[in-house]
Amino acid sequence: MDQLVSLLAYEFVQNAIAAGFVIAIVSGIVSGFVVARNMSFAVHALAELGFTGAAGFILLRLSPVFGLLVGTAVTAVFIGALGVRARGRDVVVGVVMAFGLGLGVLFITLYKGYANQAFAILFGTITGVSRGDVLLLVAIGAVTLIALAAVYRPLTFATVDPEVAEARGVPVGALAVVFLLIMAAAVAEAIQVVGVLLILTLLITPGAAAERLTPRPGLATAYSVGIALLCTIGGILLSLVTNAPVSVFVTSLSFACYLLARFVIGPRRRELRLATAPGSRAREKATTA
Amino acid sequence: MQAPPAVRFERVTLSYGARAIWSDLSLDIRPGTFVAILGPNGSGKTSLLRAILGLVAPSGGRIEVLGRAPQRGDPGIGYVPQHSSFDPDLPFRGRDLVRLGIDGHRWGIGLPDATARARVDRVLVSVDAEGYADAPIGRLSGGEQQRLRIAQALVGDPQVLLCDEPLANLDLRYQQTITALIAAWRERTGGTVLFVTHDVNPVLGLVDQVLFVVSGRWAAGTPDEVLTSERMSELYRSHVDVVRVHGRIVVVGESTESGFNVEEPHHVPVAVEPH
Chain A
20 MDQLVSLLAY
30 EFVQNAIAAG
40 FVIAIVSGIV
50 SGFVVARNMS
60 FAVHALAELG
70 FTGAAGFILL
80 RLSPVFGLLV
90 GTAVTAVFIG
100 ALGVRARGRD
110 VVVGVVMAFG
120 LGLGVLFITL
130 YKGYANQAFA
140 ILFGTITGVS
150 RGDVLLLVAI
160 GAVTLIALAA
170 VYRPLTFATV
180 DPEVAEARGV
190 PVGALAVVFL
200 LIMAAAVAEA
210 IQVVGVLLIL
220 TLLITPGAAA
230 ERLTPRPGLA
240 TAYSVGIALL
250 CTIGGILLSL
260 VTNAPVSVFV
270 TSLSFACYLL
280 ARFVIGPRRR
290 ELRLATAPGS
300 RAREKATTA
Chain B
25 MQAPPAVRFE
35 RVTLSYGARA
45 IWSDLSLDIR
55 PGTFVAILGP
65 NGSGKTSLLR
75 AILGLVAPSG
85 GRIEVLGRAP
95 QRGDPGIGYV
105 PQHSSFDPDL
115 PFRGRDLVRL
125 GIDGHRWGIG
135 LPDATARARV
145 DRVLVSVDAE
155 GYADAPIGRL
165 SGGEQQRLRI
175 AQALVGDPQV
185 LLCDEPLANL
195 DLRYQQTITA
205 LIAAWRERTG
215 GTVLFVTHDV
225 NPVLGLVDQV
235 LFVVSGRWAA
245 GTPDEVLTSE
255 RMSELYRSHV
265 DVVRVHGRIV
275 VVGESTESGF
285 NVEEPHHVPV
295 AVEPH
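Protein sequence lines, in the order shown, are assigned to chains A and B. Following this note's numbering, the numbering of the first sequence begins with 20 at its first residue and continues without gaps. Following this note's numbering, the numbering of the second sequence begins with 25 at its first residue and continues without gaps.
Just chain A, same shape as in the assembly:
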């Protein structure tokens, strides 16, 4: 504990925690929508092509954080332009991802003495972020949160009930593209903590665990943010104490949260059992008889 307190005095630790805080809030909110819209594959593609962007920017001696964002944003635009319809989107994602990863391989080959930075992007670098990176991450996070707040209600409508949303005047197609861009920013952020390969631990697991805890959409979002915060900050602190990589702890913590929510806490929640009780069908018969 004393060791932890003394660590908090270091600037690099403060940077990591500040960035982790913003990243976790963004990831927690976005992951709920990723789960509800069934977009895990798109998250994965955005992350891998974020890697391509970062590799390209390193090759040009520019900021890899910025490169990540450019990579994910360009991918989001491509996926959005080629396949807004839900059906067939996976195919488009696969097509775009395959080409983009090829580019990433090219960039790695062109750049010598590159292995360290590539490793950092693949597995996370949060304890290595500079003050400048933190400011950039906070700025990206703030813009993303503002965009999410602006579209939260119609995006929910379009996600849960697209037919009626469209009839009520919600621009369902445009929102799909806006959400891809929001995901692009969230992925670029979350890669800082857990890296490209482990991205789903922050962009799927918190939302997947939260939906096992409550049927209330607002509360589910709050739980998801809480779980993402616990995993991110907890992961950073545990990593500092043990010297093992952050992503090891973030992935373990988030998996533990999921198992706990699904098998221990969730099954005890009465409001989640309300409809699965054997009375459901019987009640229907009774009210119509």
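One or more of the hints may lead you astray.
Ranges of calculated distance between the beta carbons of each label pair, as one might list FRET restraints [as the list claims (entries may be wrong)]:
| no. | chain 1 | residue 1 | chain 2 | residue 2 | range |
| --- | --- | --- | --- | --- | --- |
| 1 | B | Arg146 | A | Val162 | 50 to 60 angstroms |
| 2 | B | Leu135 | A | Gly192 | 36 to 46 angstroms |
| 3 | A | Asp109 | B | Asn193 | 25 to 35 angstroms |
| 4 | A | Leu27 | B | Ala138 | 24 to 34 angstroms |
| 5 | A | Leu78 | B | Leu79 | 25 to 35 angstroms |
| 6 | B | Leu135 | A | Phe60 | 26 to 36 angstroms |
| 7 | A | Ala169 | B | Ala81 | 27 to 37 angstroms |
Honestly, the hints are just simulated from the structure, not real lab data. Where a beta carbon is used, it is the ideal one built from N, C-alpha and C, also for glycine.
Since chain A is already given, all that's left is putting chain B on it; use the hints.
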């Protein structure tokens, strides 16, 4: 002075690509009317609702809804879409679905609002769904979900209610419950109902007007005018018998080659009186 029609079609043609789905449809639907829209699959019944909602533009003619051109998000229209299911783990309750009907289309987060909450509660009671409104919506039965969809469509106090096959996938008892809910709403508010269905029998007691669409041709009028062997044979351009059994109407084609909407046999033996 007479009120304008709730929905007016003036020589409307609707096309899908180069193919006309139906053409030259002219029909005035007076406020308070219950219209059953019938016809075989693929005859453009859903497209007709989408045109009224302003989601597709007719390729010819003019549609008016409540005296104005169709516009997306018209608050005067309530819409119950064709059955689609919800993920059983979706963190969303019936109450939340109904709430979307009030302000789900507006930008922003949507903060708690006591007035909106009270409206949701009232409409939940009116469709008798308050008992399961707090359960995850994906775990409810099809009939329970359909009640909530109707509550969602009614919560905005529409003047016109569009229902797309609201009785599909429901057992006979639940078909009657949903039909009764819609009838009660119309009684209470004097609203207009456009009801797409492949089987007219569950709503036969309510229907004022029938619009029957077959391969781009159409016939409109009271059920007694339209649902006759002569009119149906003319519409299908083939010999069709309309048979009345136990107060139910069965349309039977002599050949199935051209895809007749022969009433599904399982509807016939149950033969419950519509009243």
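How the hints compare with the structure:
no. : hint                                        : result
1   : Arg146(B) <-> Val162(A): 50 to 60 angstroms : violated, 40 angstroms
2   : Leu135(B) <-> Gly192(A): 36 to 46 angstroms : violated, 27 angstroms
3   : Asp109(A) <-> Asn193(B): 25 to 35 angstroms : holds, 27 angstroms
4   : Leu27(A) <-> Ala138(B): 24 to 34 angstroms  : violated, 44 angstroms
5   : Leu78(A) <-> Leu79(B): 25 to 35 angstroms   : violated, 47 angstroms
6   : Leu135(B) <-> Phe60(A): 26 to 36 angstroms  : holds, 34 angstroms
7   : Ala169(A) <-> Ala81(B): 27 to 37 angstroms  : holds, 29 angstroms
Going down the numbered hints, you'll see the structure goes against 1, 2, 4 and 5, while the others check out.
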